[in-house]
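Enquirer: The lines below spell out each chain.
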Amino acid sequence: MKTERLKTDILIIGGGTAGCYAALTISENSDAKVLICEKAHIKRSGCLAAGVNALNAYIVEGKTPQDYVDYAKKDADNIVREDLLLTMSERLNAVTKRLEQLGLVILKDKNGRYVTRGNRNLKINGENIKPILANAVKKLPNIDVLNRVNITDFFVKNNRINGAFGFGIEDETFYIIEANAVIVATGGAAGLYKPNNPGFSRHKMWYPPFNTGAGYAMGIKAGAEMTTFEMRFIALRCKDTIAPTGTLAQGVGAKQINSLGEVYEEKYGITTSQRVYGTVNENQQGRGPCYLQTEGITAEQDNSLKKAYLNMAPSQTLKWIESGKNPSEQNVEIEGTEPYIVGGHTASGYWVDTKRATTVKGLFAAGDVAGGCPQKYVTGALAEGEIAALSAINFVNENNSVPIDEALIEEHIEEAERFLTDNNSHFTTEQLEEAMQTVMDSYAGGIKTNYRFNEKQLDIADEKIVDILKLSENLYAEDFQELMYIYELRERLIVCRSVIAHLKARKETRWHSFAENLDYPDKDDKNFLKYVNSRYQDGKIRIILRDLVEGGTVYEHSY
Amino acid sequence: MSIAIDKDKCIGCGKCHTVCPGSLIKIGEDKKAFIKYPKDCWGCTSCIKECPVYAIKFYLGADIGGMGTFAHTEKDGYILKWIFEHPNGENSEIEINQKESNKY
Ligand SMILES: Cc1cc2nc3c(=O)[nH]c(=O)nc-3n(C[C@H](O)[C@H](O)[C@H](O)COP(=O)(O)OP(=O)(O)OC[C@H]3O[C@@H](n4cnc5c(N)ncnc54)[C@H](O)[C@@H]3O)c2cc1C
Ligand code: SF4
Ligand code: SF4
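The listed protein sequences derive, respectively, from chains C and S. Per this note's numbering, the first sequence runs over residues 1 to 559. Per this note's numbering, the second sequence runs over residues 1 to 104.
Check each hint, because a few of them may be wrong.
Taking beta-carbon pairs under 8 angstroms as the criterion, some of the chain C residues facing chain S (in silico) [stated by the list, open to error]: (1) K43; (2) R44; (3) D240; (4) N311; (5) E322; (6) K325.
Heads up, simulated SDA-like pairs for lysine to any residue below, C-alpha to C-alpha not over 20 angstroms straight-line [unchecked claim]: (7) C:K307 with S:N97; (8) C:K194 with S:H17; (9) S:K99 with C:K325; (10) C:K325 with S:P38; (11) S:K99 with C:P131; (12) C:K306 with S:N91; (13) S:K57 with C:K194; (14) S:K36 with C:N128; (15) C:K306 with S:P38; (16) S:K26 with C:K325; (17) S:K99 with C:K33; (18) C:K325 with S:D76; (19) C:K138 with S:H17; (20) S:K99 with S:N88; (21) C:K194 with S:K99; (22) C:K33 with C:N394; (23) S:K75 with C:K138.
I should point out that these hints are in silico values taken from the structure, not numbers from a laboratory. All values reported here derive from a predicted model rather than from experimental measurement. Ideal placement from N, C-alpha and C gives every residue a C-beta, glycine not left out.
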């Protein structure tokens with residue numbers, strides 16, 4: 001098998017939103033050597049592949065960064081890191097300006113001011129937002145990009161990162177990358193739970209099915225402290241196409257109604273989790289299906305909607321066309337998705353300090369992989385990419401790199417080679433993925449149980465996930481793409497275990513649907529105005545309850 | 001949803017293969033692109049927008065309401081034209097000016 005050894009100052013894992021912006025920031029502020037490893041190709045990888053329709057996080061005129069913090073805190077019912085939210089919010093407008101300079105089209109009024117949508121959003125033409133970022137990166141001299149290289153493990157010794165291990169799925173090469181600092185920006189995790197349509201359209205999900213939680217799993221394996229995995233994200237989406245609903249709600253003012261035509265959102269509240277919960281409940285009580293009320297909008301609105309969706313979720317426009325009816329002629333049915341783990345929407349991910357340093361020395365995290373800071377969206381991911389980059393520059397200026405332990409290198413290569421040679425598994429990777437999704441769906445609060453669970457079920461879930469992890473050790477890969485699928489499955493399984501442990505540790509129900517524990521159906525402020533954190537040590541997940549970092553204070557690691 | 005590649009139109013430039021965020025498209029020995037894992041398609045349409053000869057179309061699976069219509073794009077400067085080929089043989093179109101931002 002081919003093996004290549006590379007050395008860089010700063011390794012960026014994941015050339016998505018946060019990863020690309022981190023690279024830009026480093027290039028503008030230092031001459032450190034940067035290497036981006038991206039499992040796909042930076043031109044269209046990750047969340048932004050299809051384009052986005054708005055910048056969801058922006059401080060509009062008359063509002064302050066603190067207002068944004070307050071909003072996110074309320075939406076998550078207090079379980080946020082205000083220090084992280086504030087340091088992110090303070091950068092939102094500057095990164096927006098930079099995106100515009102790079103070529104993003106932002107809608108402006110007659111006076112040249114950005115047109116806002118609601119309190120925090122900017123209207124853009126974001127179809128080509130990822131190529132814009134990728135082009136900017138390509139032009140820079142001190143940045144190398146390795147596309148189609150999937151990273152699977154960090155090299156860590158004495159809690160200090162030395163680099164990472166991965167393999168090229170097309171050049172069929174193992175990569176050993178030595179780096180002084182590493183920025184992990186691999187996004188969140190989709191595909192843990194059984195999706196809405198598990199058959200032919202199983203990947204027609206909201207979050208990219210190719211973001212498999214690699215960054216979380218690598219951190220867990222390396223003993224990094226993680227936070228708030230129990231705050232799952234469930235999106236309320238257009239049924240089947242899983243297209244976003246915000247454009248309907250905010251664009252044409254469509255209300256959430258049940259099959260009797262009653263507007264039900266006021267009954268349950270308007271936080272993200274309450275909207276999902278309301279829809280689940282209306283269905284359970286026999287008043288489904290639920291819709292966004294678009295009947296009666298104008299023909300002009302029909303056209304604008306069809307165009308808007310072609311830019312960000314074209315299957316929704318195709319669905320209107322297939323049904324032979326415009327949105328003005330039929331309400332749009334909505335449903336909750338399967339749960340995702342995504343730190344850009346909720347607060348799951350690495351436990352970081354305000355520098356976006358993780359608890360592993362030299363490892364920084366940004367974007368959906370970083371915890372504590374929900375409602376980041378595109379601009380928040382850029383802001384965190386910028387902060388992580390500046391911190392990584394400081395780090396490499398102050399620290400010398402540490403060579404990778406040869407024994408660890410051997411271990412990783414041997415493991416990968418075993419998957420490529422030992423062909424004695426009863427099961428395929430796909431079968432075990434199905435098994436995992438079925439377990440999570442049935443016992444860890446999936447769609448099947450209306451997102452609800454109890455402790456007994458969680459115990460069963462963990463037992464079964466451990467079994468599947470065991471089975472996965474014997475999987476066989478024909479080629480390096482299949483090898484990637486094995487690693488993706490195994491990283492999902494590792495993330496599943498942490499999610500289950502976190503769900504079990506929060507013995508209350510603070511967020512309906514996101515973490516609805518039937519053994520503890522009420523909120524318990526006395527005991528759970530706390531972060532549920534965890535560390536993986538000697539094969540066990542150890543839970544750590546931490547006090548909230550209150551507004552006006554900051555948390556920094558003391559290692 | 002998934003995509004279908006028209007082998008007769010494909011010139012084997014490899015652009016679709018480059019952009020697919022799931023690395024699902026491969027170039028065959030006949031130098032033509034094919035989707036190796038159709039069930040794994042996310043439906044992001046990146047490949048469709050890249051193809052210089054408009055050889056890639058997308059469709060909805062029957063499990064999410066597909067009725068047999070195929071969609072693809074053609075580009076003329078800043079105008080992105082979406083073309084829908086219906087099962088009855090008729091076509092319809094929607095044009096988008098990429099210089100303009102979305103109304104919503
Ligand atoms: C469909 C969708 C629509 C959205 N719409 C909007 C919107 O309209 N407005 C808004 O503000 N926000 C929107 N968001 C949210 C926003 O896009 C994300 O929060 C943000 O882009 C996340 O950035 P990221 O860098 O963390 O992840 P990504 O941009 O997904 O980057 C992660 C990268 O890591 C790579 N990667 C993963 N694993 C590995 C590995 N093991 N090795 C190497 N590389 C790896 C991936 O391929 C990817 O390129 C949307 C999100 C989705 C999914
Ligand atoms: S639509 Fe997206 S995920 Fe599907 S094949 Fe094309 S590029 Fe890949
Ligand atoms: S982009 Fe179009 S022409 Fe080029 S390889 Fe793909 S299908 Fe063929």
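Enquirer: Is the Cα-Cα distance between C:K325 and S:D76 20 angstroms or less?
Expert: Violated, at roughly 28 angstroms.
Enquirer: Could you grab the alpha-carbon distance between C:K194 and S:K99 and see if it respects the 20 angstroms cut-off?
Expert: With a Cα-Cα distance of about 39 angstroms, the restraint between C:K194 and S:K99 is violated, given a limit of 20 angstroms.
Enquirer: Are the Cα positions of S:K99 and S:N88 separated by 20 angstroms at most?
Expert: Measuring from Cα to Cα gives roughly 33 angstroms; hence the hint is violated.
Enquirer: Given the hint that S:K99 pairs with C:K33, does the C-alpha gap stay at or below 20 angstroms?
Expert: violated (35 angstroms)
Enquirer: Holds or violated: are the alpha carbons of S:K36 and C:N128 at most 20 angstroms from each other?
Expert: With Cα atoms ~25 angstroms apart, S:K36 and C:N128 exceed 20 angstroms; violated.
Enquirer: Hey, C:K307 versus S:N97, does the alpha-carbon distance stay inside 20 angstroms?
Expert: holds (10 angstroms)
Enquirer: So if I understand the rule, the pair passes when the alpha-carbon distance is 20 angstroms or less; does S:K57 with C:K194 pass?
Expert: violated (27 angstroms)
Enquirer: Does S:P38 sit within 20 angstroms of C:K306, going by the straight-line distance between their CA atoms?
Expert: It is violated: about 26 angstroms lies between the C-alpha atoms, which goes past 20 angstroms.
Enquirer: Given the hinted pair C:K306 and S:N91, is their alpha-carbon gap at most 20 angstroms?
Expert: holds (16 angstroms)
Enquirer: Does S:H17 sit within 20 angstroms of C:K194, going by the straight-line distance between their CA atoms?
Expert: violated (28 angstroms)
Enquirer: Between the alpha carbons of C:K33 and C:N394, is the straight-line distance 20 angstroms or under?
Expert: Judged against 20 angstroms, a Cα distance of about 13 angstroms means the pair holds.
Enquirer: Against the 20 angstroms threshold, does the CA-CA distance of S:K26 and C:K325 hold or violate the hint?
Expert: Since the Cα atoms of S:K26 and C:K325 sit roughly 36 angstroms apart, the hinted pair is violated (cutoff 20 angstroms).
Comparing the model with each earlier hint shows violations of hints 6, 8, 9, 10, 13, 14, 15, 16, 17, 18, 20, 21, 23; every other hint is respected.
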